[in-house]
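Trainee: Each chain is listed here by its residues.
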Amino acid sequence: MIDQTLPMGADGAGQTAETTGKYVVVFADVDANPARMLESVLGASSVANSRDFADQEADATQAPATVFAELGVAVVAADPDQLSALQTSPDAQGAILSIAPERIYHPLQSTGYLEGYRDAVADLAGRLGAGSNGSSAATIGGQVGVAQFPDTATASWGLQATRVLSSPQSGKGIKVAILDTGFETAHPDFVGRNITLASFIPGETPKDGHGHGTHCTGTACGPKNPSGSRRYGIAYESDIFIGKVLSNSGSGSDTSVLGGMNWAIAQGCHVVSMSLGANVQPPHPPYTEVGRRALDKGTLVVAAAGNNARRHERSWGFVGAPANSPYIMAIAALEQDLSVAYFSARSSTSGTGGQRGGQVDNAGPGWQVYSSWILPQKYHTISGTSMATPHASGIAALWAQKTGLRGAALWSVLAQESDRLYEPAVDVGGGLVLAPQ
Amino acid sequence: MVKVTVTVDDQHVAAIADVAEALRATGMQVEQVLGDVGMVLGSIDDGAEQSVRAVDGVQSVDRSLNFQLPPPDSPTQ
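Protein chains in written order, with full-length UniProt numbering: chain A, 1 to 437; chain B, 1 to 77.
Read the hints as simulated data drawn from the structure, not as lab findings. Don't take every hint at face value.
To be verified - Mimicking DMTMM-like on lysine to aspartate or glutamate, the simulated pairs with C-alpha atoms at most 20 angstroms apart in a straight line are:
(1) Lys3/B with Glu21/B
(2) Lys297/A with Asp36/B
(3) Lys402/A with Glu313/A
(4) Lys378/A with Asp10/B
(5) Lys207/A with Asp62/B
(6) Lys297/A with Asp9/B
(7) Lys297/A with Glu313/A
(8) Lys22/A with Glu313/A
(9) Lys3/B with Asp73/B
(10) Lys172/A with Glu237/A
(11) Lys3/B with Asp62/B
(12) Lys297/A with Glu49/B
What the hints assert, rightly or not - If we take Cβ atoms under 7 angstroms as the criterion, some of the chain A residues that face chain B in the derived model are:
(13) Val41
(14) Asn248
(15) Gly252
(16) Ile265
(17) Leu276
(18) Asn279
(19) Glu289
(20) Leu295
Cβ atoms here follow ideal geometry from the backbone N, Cα and C, with glycine treated the same way.
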């Protein structure tokens, strides 16, 4: 997902009164050795272990990293590079459930920092994995039966949460266009697939030189049984249409994006997935018209809502173009507990502008999403509304196959069948997209 | 010169080639005519927006948007 003005990732996190500037890392397995993993990424001897403190009140204000081994939680003072390393290190894949800015909790009574801190950590442990988004503990704690969807050996968490694994549909006969940075044409997981490629970037072939396009394609259309990997793809028998509308350096314009949309519609694609956007709040008229005309021709366009929120800083962002056009389905990003991710843009409402457009329509898994990547890396785990979008697109292909519905009718069934969430409609619209059963 | 996207109205999409020709006559450098979505893309002089907007069949004239992804190693995309 594109973000023209704000730093990406958690770089902007934690510099307000609401957060400490440190990060709370929740590990998937309490019995693992998180201290060793942190040391390998952050450097040796920077990690204090709560087991070293008889009273369990580790002085987290001093050490760069403090591990609460019994809880499977660590508090880490990481600079942006270290944070990025933590999020992307191969060692961390699967081992880390979540990384969230550390919030400052205000105790009801005037107790010391350490007691308040201990309570906060205990609360965190109680809702393992919850919250990069700065939601208050009370909000999440008040929900009964909130699910958790970790990646397993057999499938990514997003496919589990959206019930893709038990869906009898495969996307067979459905044409799905991914308009992005192209595709890793040599990826072994896509051998034998029906793939049509085109580039709308002058001087560049459709081959992906970035990774983003290959990741999004993998989620929407990846295989049912990838060799040596857990499943990460949804519409595994769909016909794939790759339109390269963003360059290897990740840039594009109306010229490339509208060119790619025109091509996808001309090819008769049933679903067009666009994990791209610009931080422009008013709907861009061309995308409003193209979205409407696409629906009329039986093509559903799905786009990323945007990553410009910083919820822990009480900054809610807005849905950017082209997703803010009312005839393009805007997708928000969820975490493993189905709470909204901290960066996921909020709807503009009639109270904040009065303009048609700017609504989040639905939500999909968009936090720590595992999918295909350019070679030689082959796989990668990243976050963003860019990652949520192809979940919705792949699931739209399953519904298109099952129901035969197209365009606005396909939109309707996708929205109607989505799972309602314990999150505001301005953040997740109709809720989590679900695969047909 | 500024890059613009011209949205052709529903009634003129079928005759988009004629609209593109009329746009050229205003001085617009037409680079792409997208018949399936009804868009004409190209460049116009600063201040020429009014004359382009006046062409029969033109619904709107908007400055081209640019898009930029974060680098591949960014954890949020």
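Trainee: Does each hint hold? Answer for all of them.
Mentor: Now the hints, each set against the structure:
1. Lys3/B with Glu21/B: Since the Cα atoms of Lys3/B and Glu21/B sit roughly 17 angstroms apart, the hinted pair holds (cutoff 20 angstroms).
2. Lys297/A with Asp36/B: 9 angstroms, holds
3. Lys402/A with Glu313/A: It is violated: about 42 angstroms lies between the C-alpha atoms, which goes past 20 angstroms.
4. Lys378/A with Asp10/B: With a Cα-Cα distance of about 44 angstroms, the restraint between Lys378/A and Asp10/B is violated, given a limit of 20 angstroms.
5. Lys207/A with Asp62/B: This hinted pair is violated, its Cα atoms lying about 31 angstroms apart.
6. Lys297/A with Asp9/B: Given pair Lys297/A, Asp9/B holds - Cα atoms ~16 angstroms apart, limit 20 angstroms.
7. Lys297/A with Glu313/A: This hinted pair is violated, its Cα atoms lying about 42 angstroms apart.
8. Lys22/A with Glu313/A: 14 angstroms, holds
9. Lys3/B with Asp73/B: 31 angstroms, violated
10. Lys172/A with Glu237/A: It holds: about 5 angstroms lies between the C-alpha atoms, which stays within 20 angstroms.
11. Lys3/B with Asp62/B: At roughly 9 angstroms apart (the allowed maximum being 20 angstroms), Asp62/B and Lys3/B satisfy the hint.
12. Lys297/A with Glu49/B: Status violated; Cα separation ~30 angstroms.
13. Val41: 13 angstroms, violated
14. Asn248: 9 angstroms, violated
15. Gly252: Where the cut-off is 7 angstroms and the nearest Cβ of chain B is about 4 angstroms from Gly252/A, the hint holds.
16. Ile265: 5 angstroms, holds
17. Leu276: At about 5 angstroms, which falls below the 7 angstroms cut-off, the nearest Cβ of chain B leaves the hint on Leu276/A intact, so it holds.
18. Asn279: At 10 angstroms from the nearest chain B Cβ, Asn279/A fails the 7 angstroms test, so the hint is violated.
19. Glu289: 5 angstroms, holds
20. Leu295: 12 angstroms, violated
Hints 3, 4, 5, 7, 9, 12, 13, 14, 18, 20 from the list above are not met by this structure, while the remaining hints are.
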